[in-house]
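Asks: Anchor point for the sequence shown: position 42 equals 140 in this note's numbering, and the numbering is continuous, going up by one each time.
Note that these hints are calculated values from the structure, not bench results.
One or more of the hints may lead you astray.
Just the calculated beta-carbon pair ranges, DEER-fashion [to be verified]:
#1 183 - 287: 44 to 54 Å
#2 270 - 361: 16 to 26 Å
#3 383 - 431: 24 to 34 Å
#4 198 - 381: 55 to 65 Å
#5 424 - 198: 51 to 61 Å
#6 166 - 290: 33 to 43 Å
#7 123 - 162: 21 to 31 Å
#8 263 - 109: 42 to 52 Å
#9 315 - 361: 49 to 59 Å
#10 410 - 280: 49 to 59 Å
Within a straight-line C-alpha distance of at most 27 Å, the following computed BS3-like cross-link-like pairs (lysine-lysine) qualify [as the list claims (entries may be wrong)]:
#11 283 - 362
#12 293 - 198
#13 293 - 283
We treat Cβ as the ideally placed atom computed from N, Cα and C, and that holds for glycine.
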Amino acid sequence: MTMIRSLVAPITCLDEGDQEFVLRRNLPQEKLEAAYNDGDVMWIDVVDPVDDELEWIGQFFQLSPSVMEDLYRADRRPSLLVYPSYIFLSLFEPHNHQLKAAGKEIHCIIGERFLLTVRTSDSETVEQAYDRAAKDLESWKRGLEYFLYLTCQNAIDAYYPLLDRMSNQLNQYEERLMDGTLNGKQIRQPVYRVKQQLIALRQMIAPQREVLSNMLGEVRLSEDEIRDLFRHLYERLLRVYDLIDAQRDLAGDVLNMMENQESKRMVDAVNRLTIFSMIFLPLTFFSGLFELNFVTTPEPVALPFSGRTMFMLVLSMMIISAGGMYLFLKRRGWL
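Whenever a hint applies, use it, and build me the whole structure from the sequences.
Replies: What follows is the structure, given as structure tokens:
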């Protein structure tokens with residue numbers, strides 16, 4: 099559902115000496131234009147905008163055609179575009195969609211006296227930062243850059259619940275694989291699914307790392323406090339990146355463990371077949387040797403035993419041979 103909401107504060111809110119001011123909310127377009135022309139500062143949050151709303155935003159804030167193209171498209175990668183009067187920043191808020199890791203794209207445009215957030219769906223990242231700006235009037239003294247920082251921070255923090263869930267899943271799969279509760283066939287697909295989600299998160303966060311790195315070099319973040327906040331944010335993003343790599347390694351270890359167990363089962367099966375062949379090998383030898391050596395066999399190779407006696411003799415030799423082979427293999431630990 100399309101929604102445009104706004105927070106408008108007087109320019110004096112940026113002054114440390116101004117303790118009280120009135121924060122106006124959800125003004126129509128005409129009053130937003132008048133407030134901006136009067137020198138007020140504002141945060142405009144646009145959810146699932148239609149073409150007319152985007153056109154108004156582009157014309158009123160004099161946005162570049164490249165920026166407008168990014169606002170219309172929903173398949174862009176995280177990017178940073180710097181213009182003389184504003185900065186365009188796009189980032190992704192990760193979420194779990196139908197057992198797959200996906201990203202909700204959030205466009206942020208910050209100028210000297212305005213902050214625009216444009217998105218196509220609900221976003222906890224923007225909601226939390228917007229609620230903070232609406233309830234905490236003291237936060238306006240830090241400037242609009244601080245609200246941009248909160249939005250970016252919430253987007254990065256959204257990775258942690260997903261990574262924690264994936265880590266718990268991989269650890270459970272590893273434990274069940276080791277104790278024999280589950281076998282490789284039962285958990286192969288779930289582990290591959292988790293690994294694919296980690297790859298998607300890594301592809302999502304890698305360009306955001308570059309974006310934040312470029313943000314640190316932006317001269318408009320001149321205040322030490324704001325620059326330190328974004329530097330801390332960049333370090334936090336690096337930790338998330340390292341955590342994703344660690345989870346990918348864990349997923350690879352679980353897959354390797356499954357392959358090793360399957361190989362071990364195959365080797366055990368071959369060993370058992372080999373042992374059975376070793377046990378039956380002397381039986382085959384005796385049966386082949388004495389197959390025709392009964393009284394019906396012509397001289398001089400015939401043995402002086404009757405058929406019944408010869409049968410019992412050969413059978414006894416087979417039993418003794420098989421029992422001896424079994425005891426030998428058992429003593430060597432091969433059975």
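Asks: Each hint should be assessed against the structure and marked as holding or not.
Replies: Tested hints:
1. 183 - 287: 44 to 54 Å: 51 Å, holds
2. 270 - 361: 16 to 26 Å: 23 Å, holds
3. 383 - 431: 24 to 34 Å: 25 Å, holds
4. 198 - 381: 55 to 65 Å: 58 Å, holds
5. 424 - 198: 51 to 61 Å: With Cβ atoms ~54 Å apart, the hint holds.
6. 166 - 290: 33 to 43 Å: 40 Å, holds
7. 123 - 162: 21 to 31 Å: Holds, at about 29 Å.
8. 263 - 109: 42 to 52 Å: 44 Å, holds
9. 315 - 361: 49 to 59 Å: 51 Å, holds
10. 410 - 280: 49 to 59 Å: 52 Å, holds
11. 283 - 362: 14 Å, holds
12. 293 - 198: 10 Å, holds
13. 293 - 283: Holds, at roughly 16 Å.
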